Amino acid sequence: MKITCTKRELMDAVNIVSKAVAVKPPTPILSGILLSSEGSSLKIEANNLELGIRTKIPANTEIPGSIVVSGKYLQDMSRKLSGDIVSIVYDDEAKVVTLQSDSIAFKLLAFNVEDWVHIKELEPEVSFNLPAVTFKNLIRKTVYACAHDDSRPMFTGCLLQIDGNDITMVGTNTHRIAIMRETIPDSLESMKYIIPSKALGELARLADDSGDNSVTIRCSSKDIDFTFDNIYIKTRLLSGDFPPFEKVIPREATIIARVDTAELLAAIDRVGLISKETDYKTIKFTLGDNRLTLSSTSPEIGNAEESIIAAVEGGEIDISFNVNYLIEALKVIDTKVCVIKLSGRLKPADIREADRDEFIYIVTPIRTN
1 MKITCTKREL MDAVNIVSKA VAVKPPTPIL SGILLSSEGS SLKIEANNLE
51 LGIRTKIPAN TEIPGSIVVS GKYLQDMSRK LSGDIVSIVY DDEAKVVTLQ
101 SDSIAFKLLA FNVEDWVHIK ELEPEVSFNL PAVTFKNLIR KTVYACAHDD
151 SRPMFTGCLL QIDGNDITMV GTNTHRIAIM RETIPDSLES MKYIIPSKAL
201 GELARLADDS GDNSVTIRCS SKDIDFTFDN IYIKTRLLSG DFPPFEKVIP
251 REATIIARVD TAELLAAIDR VGLISKETDY KTIKFTLGDN RLTLSSTSPE
301 IGNAEESIIA AVEGGEIDIS FNVNYLIEAL KVIDTKVCVI KLSGRLKPAD
351 IREADRDEFI YIVTPIRTN
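Using the numbering used here, read the sequence shown as starting at 1 and increasing by one per residue.
The set of hints was computed from the structure by calculation and includes no laboratory data. Keep in mind that the hints are not guaranteed to be accurate.
Claimed, not checked - Straight line, CA to CA, 25 Å or less: simulated DSS-like cross-link-like pairs of lysine-lysine:
| # | residue 1 | residue 2 |
| --- | --- | --- |
| 1 | 72 | 7 |
| 2 | 120 | 72 |
| 3 | 43 | 24 |
| 4 | 192 | 247 |
| 5 | 276 | 247 |
| 6 | 192 | 281 |
| 7 | 198 | 120 |
| 8 | 107 | 80 |
| 9 | 120 | 43 |
Claimed, not checked - Derived Cβ-Cβ restraints for the label pairs, each shown as a range:
| # | residue 1 | residue 2 | range |
| --- | --- | --- | --- |
| 10 | 114 | 165 | 45 to 51 Å |
| 11 | 316 | 201 | 38 to 44 Å |
| 12 | 27 | 279 | 37 to 43 Å |
| 13 | 307 | 27 | 40 to 46 Å |
| 14 | 230 | 96 | 24 to 30 Å |
| 15 | 201 | 288 | 35 to 41 Å |
| 16 | 279 | 125 | 54 to 60 Å |
| 17 | 153 | 262 | 45 to 51 Å |
| 18 | 125 | 38 | 27 to 33 Å |
| 19 | 229 | 122 | 50 to 56 Å |
| 20 | 181 | 279 | 43 to 49 Å |
| 21 | 251 | 201 | 39 to 45 Å |
Computed from a prediction, not measured in an experiment: that's the story for all the values here. Just so it is clear, CB atoms sit at the ideal spot from N, CA and C, and this is done for glycine as well.
Please model the complete structure; the sequences and the hints are all you need to start from.
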């Protein structure tokens, strides 16, 4: 193989697929990245068997071919090349790949390309398109609420539920749940899939939501793939019956507070400096008399307290939460004012955007003395 391409396009493409390089591979080749050239393009692919990512960049091919090299070193080297144009040459006898740009040349030992596990094309049972802006917003509003503990795999992904023109995405770790609903232009049959949060995070990072761009989604019983621009992402679906999330939404509230979102987020961030050093990262809300007082205490450090204006209806209450659970939710609220609905100091809180019901965040309080 002998090709040339631009450093910028090579570096960007390697960074895209590197998220699918296996960190602790069951077989060494899964720590690699495939480079395959033919004609005017270079295909770049990584596959850890759970997540596969492929993209293409323009390239001038003098000798076509395919190679697999270390993903970690290819990423580092492509970033440190000095010139604008990169040549990639593979010596088949020595099994060595040379990356050269201006006066710098890196040589990498290649894996046996015959051992590479290609991303298998999906045989879809369902295929549809979603506006990229809609899909990215669904992910942004929910993915942070997923569990990070692999002991409960089903909760490490988001539920994607479609029924007609209504699409809903839900993320939960059982202590909090984020629900986002959108309306889509095309009516689709009812379907439910649990998509790993890692794949969704990459989609949110890579998909271009400007203009009328869309994401093509295809599903089988075990896998799902996404195509947009020159990027292809395939991942396994998570199995299990996602809990009936509608049942956890409180049906009534005895206390309702309306608070400036940015002001509340900033206050929690300040007061939470103390909370973040404690085991449960607890921050207490005291609502009443059109004020919200936030406080936190650590026996080893000290305490913090701050009051902000809040329009409070229904009385007074003291209730405590995990500070990180509040910060992550408030960061995705897009309205100037947020609404906090409470029905008791030990009952879940319902946090929403003012005058909108598309986004719902339910968080369980922390029991305190």
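Comparing the hints with the structure gives:
1. Taken as a hint, the residue 72 and residue 7 pair is honoured in the structure, with Cα atoms around 17 Å apart against an allowance of 25 Å.
2. For the hint linking residue 120 to residue 72, the alpha-carbon distance of about 23 Å falls within 25 Å, and the restraint holds.
3. In summary, the hint linking residue 43 to residue 24 is supported, as the alpha carbons are separated by about 24 Å, within the 25 Å threshold.
4. A threshold of 25 Å between alpha carbons decides the hint, and for residue 192 with residue 247 the separation of about 17 Å falls inside it, so the pair holds.
5. Among the hinted pairs, residue 276 with residue 247 is inconsistent with the structure: their alpha-carbon atoms are about 31 Å apart, more than 25 Å.
6. A distance of roughly 34 Å separates the Cα atoms of residue 192 and residue 281; the hinted pair therefore is violated under the 25 Å criterion.
7. For the suggested pair residue 198 and residue 120, the alpha carbons sit about 19 Å apart, so the restraint of at most 25 Å is met.
8. Note on residue 107 and residue 80: the hinted pairing holds, with a Cα-Cα distance of about 13 Å set against a maximum of 25 Å.
9. The suggested pairing of residue 120 with residue 43 holds, with an alpha-carbon distance near 15 Å, which does not exceed 25 Å.
10. In this structure the hint that residue 114 and residue 165 lie 45 to 51 Å apart at CB holds, the actual value being about 48 Å.
11. Range check, residue 316 to residue 201: Cβ separation about 40 Å, and the 38 to 44 Å hint holds.
12. Checking the proposed 37 to 43 Å range against residue 27 and residue 279 shows it holds: the Cβ atoms sit about 40 Å from each other.
13. Distance hint check: the CB atoms of residue 307 and residue 27 are about 58 Å apart, inconsistent with the given range 40 to 46 Å.
14. Checked against the hint of 24 to 30 Å, the C-beta distance between residue 230 and residue 96 comes to roughly 29 Å, which is consistent with it.
15. The hinted range of 35 to 41 Å is satisfied by residue 201 and residue 288, whose Cβ atoms lie roughly 39 Å apart.
16. For residue 279 and residue 125, the hinted distance range of 54 to 60 Å is not satisfied, since their beta carbons lie about 46 Å from each other.
17. The supplied range of 45 to 51 Å is broken by residue 153 and residue 262, whose beta-carbon atoms lie about 36 Å from each other.
18. Distance hint check for residue 125 and residue 38: the Cβ-Cβ separation is about 31 Å, which falls inside the suggested range of 27 to 33 Å.
19. For the hinted restraint 50 to 56 Å between residue 229 and residue 122, the CB-CB distance of approximately 18 Å leaves it violated.
20. Separated by about 35 Å at the C-beta atoms, residue 181 and residue 279 break the suggested range of 43 to 49 Å.
21. Separated by about 33 Å at the C-beta atoms, residue 251 and residue 201 break the suggested range of 39 to 45 Å.
Of the numbered hints listed earlier, those contradicted by the structure are 5, 6, 13, 16, 17, 19, 20, 21.
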